[in-house]
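If you're matching them up, the sequences are chains H and P in order.
Note that the first sequence covers residues 13 to 339 in the numbering used here.
Note that the second sequence covers residues 13 to 339 in the numbering used here.
No lab work stands behind these hints: they were computed from the structure.
Some clues are possibly wrong.
Unchecked claim - Calculated lysine-lysine pairs in the DSBU-like style (CA-CA distance at most 30 Å, straight line):
hint, chain 1, residue 1, chain 2, residue 2
1, H, Lys-330, P, Lys-334
2, H, Lys-334, P, Lys-21
3, P, Lys-252, H, Lys-21
4, H, Lys-25, P, Lys-14
5, P, Lys-21, H, Lys-330
6, P, Lys-25, H, Lys-337
7, H, Lys-330, P, Lys-14
8, P, Lys-296, H, Lys-21
9, H, Lys-21, P, Lys-334
10, P, Lys-281, H, Lys-328
11, H, Lys-328, P, Lys-294
12, P, Lys-21, H, Lys-325
13, P, Lys-25, H, Lys-334
Claimed, not checked - Looking from chain H toward chain P, a few residues come up when the C-beta cut is under 7 Å (computed):
hint, residue
14, Pro-51
15, Asn-104
16, Ile-194
17, Phe-339
Claimed, not checked - Okay, the calculated beta carbon distance ranges per label pair:
hint, chain 1, residue 1, chain 2, residue 2, range
18, H, Asp-76, P, Lys-337, 25 to 33 Å
19, H, Pro-193, P, Met-13, 36 to 44 Å
20, H, Leu-207, P, Lys-14, 46 to 54 Å
All residues carry an ideal CB built from backbone N, CA and C; glycine is no exception.
There are 2 protein chains.
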Amino acid sequence: MKTLLLTQKDVEKVLTPSVANDTVEKAFRAYGMRQGEMPAKIYLYFPRGDLRSMPAYLHGEGFDIAGVKCVTVHPQNQVINLPSVMAVVILNDPETGYPLAIMDGTYLTCIRTGAAGAIAAKFLSRKNSEIAGFIGCGAQARSQLSCLLEVRDIRRIKIWQFPGDKACARAFRQWAKAAYPIEAVISSNIDDVTLNADIVVTSTPSRVALVNRVSPGTHINAIGADAPNKQEISPDILKKAKVVIDDWAQASHSGEINVPLKQKLISKKNINASLGDIVAGKKKGRTSNEEITLFDATGLAIQDIACTYEVYKALKNKRGIKSIKLF
Amino acid sequence: MKTLLLTQKDVEKVLTPSVANDTVEKAFRAYGMRQGEMPAKIYLYFPRGDLRSMPAYLHGEGFDIAGVKCVTVHPQNQVINLPSVMAVVILNDPETGYPLAIMDGTYLTCIRTGAAGAIAAKFLSRKNSEIAGFIGCGAQARSQLSCLLEVRDIRRIKIWQFPGDKACARAFRQWAKAAYPIEAVISSNIDDVTLNADIVVTSTPSRVALVNRVSPGTHINAIGADAPNKQEISPDILKKAKVVIDDWAQASHSGEINVPLKQKLISKKNINASLGDIVAGKKKGRTSNEEITLFDATGLAIQDIACTYEVYKALKNKRGIKSIKLF
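Bound-form chain H, shown alone (with noise of 0.2 Å):
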């Protein structure tokens, strides 16, 4: 027997946008159904950065796999020319524990962080939201508009240009503007960005509070948090939004409530429900055009292990792919 090995390239022919989110979807509604198991991630840390070990175990809405995420985050790589963040899957079958495909987890962990928010979007967004602000303008805000895309009819985007930096917001435009067929503004006062739109994104590794302001009915993405004392939003508008999150363990320990909750600014009792809960109709998404509702994102193993297993099915037959006899 043989094991795939996958390489970044075969992962992005198979998860594109539509395909990544039907895949996470899936994922979270198993995760609903208690379909999955997913103790909470495991941290080694570093003088410069960290490793996450993200075991998952999916059976249920056509899932029968298991694997762990091996994830490092060195916010300090780009200087050197690599990535802050590089990830390694091992995906196995759960009836004999054989490692079935290893696979390069880097582009999958930005894609499947995209298809999260914009399956929270589907659930919790307006239906006819048109008008997205964006504050945080790197690879993943790239990764959250192009799946947001496939479910919300987006017709102008607005970035916010951070003080000091004007190469990012500038770039993100051009991406946008060139990949899609979309009006694309940057301004730098950032309540611009965050009022009047539909659908806020955050993806920024802000430790204080950014967001201040935003409309009736907005839904937000705050995808930046994903360790202690990071957020992005202000805890006024998380204590008046319907907040859903992915997992508690992840995002009281890592999310965007991690500092609010801490600081007693908010409890257990602001979190509405999981986004699994309402993926698999156990509880409410949104319920009226004027609720300003939030989703906290720390990313599950259970998206990686979901997007892996789709990658190794549409390619385990195909010609060409490498493959390691490893005993």
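Add chain P to chain H, keeping to what the hints say.
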């Protein structure tokens, strides 16, 4: 940059019993010197097996390396001609997170466990040990013997024949006599095997105490218990022996001590030291010819990462070694 791909054959070339012993001893010393991070392994449970994700980071004693071993345990695999235990290790550079190598961990898991037994025997068994009794005669018994012979001049082994399974004991005897200049005898009386032995090695999947009697001065390597409710040694022996564990969190959860701890037949006070503390010189090993010593091995991620690093260093500049550009 490329990631090395190393198969079982590659690993076998480097990790001889002698190299495995040296490497595992250094890993225990680093761990004893608090130069290693190792969160408790996390489990996924399947209908017919489990997956364990084992991350570790070693710094000091010549190490600066991190990684994760993903190991599956499916006891019924022999029926379909697959190993019960299969593993893959991802090795990461702590400085950047880069995945330096992906390596088969199946043979590695076996030999690093043998090496832990050997290092325990080096510090805990009498130097003049010549006779070893084996309870359990599978692949792990072979690893234990191969590694033990590097540290003690064993001249005679006694093998217990489990009622109803003649083939396993015979195959082990035949292999041992062909591989080494030693005498090897089989007995179906377990006391004959464990009494008048200098070292007793247990490597069975037992859930009841098998070993009830040992002679004064015996060292026991209790290897088999690696899951809750497994045990091989009578609690009476544990109560009077100097008990040395590899790691408290793992041993109390799933090692030899887990059942008698739960039954309150022993308490944490009965645990004398961890092997890392002894190897690092912080605690004493054997202190008399009469005392009974026991090493409770559960298998640590630091052993895996240290051994994987050794293989990586030995092969990274060798011709003919496979590699892959993941992203």
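Hints versus structure:
With a C-alpha separation of about 21 Å, the suggested pair H:Lys-330 and P:Lys-334 falls inside the 30 Å cut-off, and the hint holds. With a C-alpha separation of about 19 Å, the suggested pairing of H:Lys-334 with P:Lys-21 holds against the 30 Å cut-off. As the CA atoms of P:Lys-252 and H:Lys-21 are separated by approximately 60 Å, the hinted pair breaks the 30 Å bound. The hinted pair formed by H:Lys-25 and P:Lys-14 meets the criterion: a straight-line CA distance of about 21 Å does not exceed 30 Å.
Our distance criterion of 30 Å between C-alpha atoms is met by P:Lys-21 and H:Lys-330, whose separation comes to about 27 Å. Taking the CA atoms of P:Lys-25 and H:Lys-337, the gap is about 16 Å. The hint holds against a cut of 30 Å. Taking the CA atoms of H:Lys-330 and P:Lys-14, the gap is about 23 Å. The hint holds against a cut of 30 Å. Between the alpha carbons of P:Lys-296 and H:Lys-21 the distance comes to roughly 55 Å, so the proposed pair goes past 30 Å and is violated.
Between H:Lys-21 and P:Lys-334 the CA atoms are separated by roughly 19 Å; this keeps the pair inside 30 Å, and the hint holds. For a cut-off of 30 Å, the pair hint linking P:Lys-281 to H:Lys-328 is broken: about 53 Å separates their Cα positions. This hinted pair does not check out: H:Lys-328 and P:Lys-294 have alpha carbons roughly 52 Å apart, beyond 30 Å. Only pairs whose Cα atoms come within 30 Å are accepted, and P:Lys-21 paired with H:Lys-325 is accepted, the gap being roughly 28 Å.
Straight-line distance between C-alpha atoms of P:Lys-25 and H:Lys-334 comes to about 24 Å, which keeps the hinted pair within the 30 Å bound. For the restraint placing H:Pro-51 at the interface with chain P, the shortest Cβ-Cβ distance is roughly 5 Å, inside the 7 Å limit, so the hint holds. Because the closest C-beta pair between H:Asn-104 and chain P is about 6 Å apart, less than 7 Å, the hint holds. The criterion of a C-beta within 7 Å of any C-beta in chain P is not met by H:Ile-194, whose closest approach is roughly 28 Å, and the hint is violated.
The beta carbon of H:Phe-339 is positioned within 7 Å of a beta carbon in chain P (closest approach about 4 Å), and the interface hint is therefore held. A hinted range of 25 to 33 Å holds for the C-beta pair H:Asp-76 and P:Lys-337, which are about 31 Å apart. Between H:Pro-193 and P:Met-13, the C-beta spacing of about 37 Å keeps the proposed range 36 to 44 Å intact. A hinted range of 46 to 54 Å holds for the C-beta pair H:Leu-207 and P:Lys-14, which are about 48 Å apart.
Violated hints, in rising order: 3, 8, 10, 11, 16; the structure is consistent with all others.
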